[in-house]
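My request is simple: use the sequences and hints to build the entire structure.
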Amino acid sequence: MSTRVRRAAVATVVGVIAAVSVVLSAGPALAHGFTSTVYVHVTEGDGERVRTKLELEYDLYVVSAADYQRDDPLFRTGIAAFDAGDTAGQAAALTAHAKSAVGYVAERFSVTSGGRPCTPSQVGDFTMGEREDVPYAELLLDWACAERGDEHEVRSALFPDAEGYVKGTKTIVTYDIDGRSGSAALDAGRPSFSTGQAWYERFWEFFHLGGEHLLTGIDHILFLLALIAGSRRLREVVLAATSFTLAHSVTFMLAALGLVDVPASIVEPVIALSIAVVAGWHLWRLWRRGDHAADLETPGGGHFRLDRAGWTRLGVVFCFGLVHGLGFASALGINEAWSWTLLWSLLVFNVGLEAVQLAIIAVVFPLLVVLRHRIPKVGLWATGAISAGVSVMGLIWFVQRVLES
Numbered sequence: 106m107s108t109r110v111r112r113a114a115v116a117t118v119v120g121v122i123a124a125v126s127v128v129l130s131a132g133p134a135l136a137h138g139f140t141s142t143v144y145v146h147v148t149e150g151d152g153e154r155v156r157t158k159l160e161l162e163y164d165l166y167v168v169s170a171a172d173y174q175r176d177d178p179l180f181r182t183g184i185a186a187f188d189a190g191d192t193a194g195q196a197a198a199l200t201a202h203a204k205s206a207v208g209y210v211a212e213r214f215s216v217t218s219g220g221r222p223c224t225p226s227q228v229g230d231f232t233m234g235e236r237e238d239v240p241y242a243e244l245l246l247d248w249a250c251a252e253r254g255d256e257h258e259v260r261s262a263l264f265p266d267a268e269g270y271v272k273g274t275k276t277i278v279t280y281d282i283d284g285r286s287g288s289a290a291l292d293a294g295r296p297s298f299s300t301g302q303a304w305y306e307r308f309w310e311f312f313h314l315g316g317e318h319l320l321t322g323i324d325h326i327l328f329l330l331a332l333i334a335g336s337r338r339l340r341e342v343v344l345a346a347t348s349f350t351l352a353h354s355v356t357f358m359l360a361a362l363g364l365v366d367v368p369a370s371i372v373e374p375v376i377a378l379s380i381a382v383v384a385g386w387h388l389w390r391l392w393r394r395g396d397h398a399a400d401l402e403t404p405g406g407g408h409f410r411l412d413r414a415g416w417t418r419l420g421v422v423f424c425f426g427l428v429h430g431l432g433f434a435s436a437l438g439i440n441e442a443w444s445w446t447l448l449w450s451l452l453v454f455n456v457g458l459e460a461v462q463l464a465i466i467a468v469v470f471p472l473l474v475v476l477r478h479r480i481p482k483v484g485l486w487a488t489g490a491i492s493a494g495v496s497v498m499g500l501i502w503f504v505q506r507v508l509e510s
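For the sequence shown, position 368 matches number 473 in our numbering, and the numbering has no gaps at all.
If you're looking for bench data, these hints aren't it; they were derived computationally from the structure.
You can take every hint at face value.
DSS-like, lysine-lysine: derived pairs with alpha carbons at most 30 Å apart:
#, residue 1, residue 2
1, K204, K272
2, K272, K158
3, K204, K158
A quick note: this is a predicted structure, and the numbers were derived from the prediction, not measured.
Next up, the structure:
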């Protein structure tokens, strides 16, 4: 074997293991923590007004509003109610300090019509809801617009990175106004949208969001790496990744129909366990078959040419994909029956996720194939090291999430 090939092989191993190490060192918090999602629904209000319903993560909202408005009493009463799990007290704290709470939103969220800003006024008191087992404050605002055009612009800069509390806040907007309905995803890179936007603009927003969700979701990256490390042929990893995505689509549809409603306290531990199981599958094959772990067993018939082990693994991955899909659906607000407005956007989100998933496979899997052919021992050690690290991290997350639920 040439020196060049050996050096390339060693560099590949080091690169793959280093990448996994970086992912693992990031810790589980980055998978679903230190970020926040705001949900907004825009409809026709009373008279010529525009009504918005905002849902904001309660403890983050209290801290941000109290800090921005220098309202220490809001912080003390709001956080005390949060620590006590007192839902009525949480709503009462925000209502008692509505000037600060509404003022914070009015400074960072706006509606304009005909190029002129609309003026907000609160409708009723604050109420409380819940998303993924997290308390959310609900705020109704009516916006009076001096000029009522045939389209409106919505802008959100809620919970910006500069506050130092969270990073990468997303605002998921659904709207049914101006004779149009749809959805949009806002963030720091694209803080506003118009209800008159074209369909392809909405498509790109959620396509981009799907790819970004995969790349920034550490647990999803680890699951994909476990699939890649344990796949013996290109067809296996592509079929596994595709079945994983198809499972997401099934879950989205069931959630939109209101037929599935599983709390995050169950979904999140199972996601962590699925990571450990898929990675552990390859470790078990290494232990049982050693240098022949990458060999096919009795070849199966048909176009896909998977053996019995391959089909079994495919079924397991599909089942776990259903659970991961519940996490994706919750992340974008599918928790109400017949949420058709968001369903289309979620499917586009899924396409973006699949595209990035296949791109990662196209980069990583060929490197492992080269290792397995050029230096079989090193290839097995590399996939074993990846699987071991991913499996351990999945088990750690599983225990953490069970204890936290």
